[in-house]
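Peer 1: From just these sequences and the hints, can you work out the full model?
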Amino acid sequence: MDTGIGLFVFTMAMVSRRTRHWSDLRRSVLYSALPLILLGLARTVSILTLGYGQDAHEYGQHLNAFFTLGFTKFLGALVSILARKDLHLLPLGFGLLVIHQFGLSVLGISDYVMNEDVERSSFLNANREGLVSLPGFVGLFLLSIYINRWMVAKSQLSYAEFVRKLRRLFYLVLILWTSFVISAYEIGISRVTCNLGYVIWMLAIGSTTLCASFGAIDFAINSVMPWDPNPSEDQEKGLLSGDAVVKKRGGSVVPFTISQALNKNGLTFFLVANVLTGMVNIFLRPEDRTHCESVIILLVYMFLATKLAHELLKRGIRLA
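Using my numbering, count along the sequence shown one by one with no gaps and you end on 320.
Take the hints with a grain of salt, since some may be wrong.
What the hints assert, rightly or not - Derived lysine-lysine pairs resembling BS3-like cross-links, with alpha carbons at most 25 Å apart:
| no. | residue 1 | residue 2 |
| --- | --- | --- |
| 1 | 154 | 165 |
| 2 | 85 | 165 |
| 3 | 314 | 264 |
| 4 | 264 | 307 |
| 5 | 85 | 154 |
Honestly, the hints are just simulated from the structure, not real lab data.
Quick caveat: nothing in here was measured; it's all calculated off a predicted structure.
Peer 2: As structure tokens, then:
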């Protein structure tokens with residue numbers, strides 16, 4: 001579960017770009033950050049109203065994953081204004097992580113967060129996990145945007161250029177996993193504080209997934225099953241998207257329906273899954289269920305969340 005929030009930040013950055021103007025910042029706040037923060041507020045109010053227990057050691061007594069995602073998006077967009085070019089995101093994100101790790105390790109902030117004896121008497125003390133982890137998640141967000149912009153720096157690549165980029169991505173994966181092993185022994189891995197080791201871990205997993213998907217899909221599969229030599233007008237204009245469903249099977253690539261549904265409403269799917277998790281914990285008491293019953297509950301849980309996303313896709317509804 002520790003990888004969930006980190007990979008969500010990585011994925012969020014994969015479809016983001018650095019803020020170039022203040023108008024971009026307003027758009028990021030209104031259309032991306034604010035809905036997440038409102039969802040976080042709604043979840044907190046619901047939990048307090050229902051009396052549903054929440055582990056304060058994850059994000060704090062009042063904060064949750066939606067707050068973390070929303071403030072990460074907002075602060076990431078704000079900090080990225082300092083980058084004049086996409087290349088500047090690399091030192092900016094890494095510098096922020098170094099300062100964050102210095103505070104955790106040298107200034108004793110990590111000990112403060114993990115100390116069970118610190119009473120949750122104030123807002124800062126009550127939510128220290130969620131607040132302290134924000135600089136780490138912002139650093140992860142900035143570095144993930146840099147990887148994203150590096151991958152799409154050139155929209156059309158020749159075969160040789162694609163192989164070269166895939167090779168460099170593979171080298172990056174090796175470097176990240178090596179750094180992860182070193183970090184695990186030297187500074188540890190902590191999702192609660194989102195330390196440098198955790199950020200490297202998330203970047204390693206995300207980059208490995210990118211390398212595997214590009215290698216397996218764009219390189220291997222498309223080499224065996226090439227594109228239709230007579231593409232449609234939209235394909236010629238580079239407007240191919242997940243919405244385009246190609247009816248002819250010969251030489252065409254048809255997106256998976258579930259993939260389209262989750263891409264359209266990924267955040268809604270995540271929210272529904274959270275709500276279903278709470279309902280299962282409240283009404284079904286998982287600790288009292290047998291293994292067989294637990295598997296059935298999981299199957300129904302996955303079906304309901306996926307079915308909702310599929311129904312939204314069929315009706316052309318995009319919430320978040």
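Peer 1: So if I understand the rule, the pair passes when the alpha-carbon distance is 25 Å or less; does residue 85 with residue 165 pass?
Peer 2: holds (20 Å)
Peer 1: Against the 25 Å threshold, does the CA-CA distance of residue 264 and residue 307 hold or violate the hint?
Peer 2: Roughly 13 Å between the alpha carbons, so the hint for residue 264 and residue 307 holds.
Peer 1: Checking one constraint from the list: CA of residue 85 to CA of residue 154, max 25 Å. Satisfied?
Peer 2: holds (15 Å)
Peer 1: Does the alpha-carbon distance linking residue 154 and residue 165 stay inside the 25 Å limit?
Peer 2: Since the Cα atoms of residue 154 and residue 165 sit roughly 11 Å apart, the hinted pair holds (cutoff 25 Å).
Peer 1: Sort out whether residue 264 lies within 25 Å of residue 314, counting only the CA atoms.
Peer 2: Holds, at roughly 11 Å.
Checked against the numbered hints above, the structure violates none of them.
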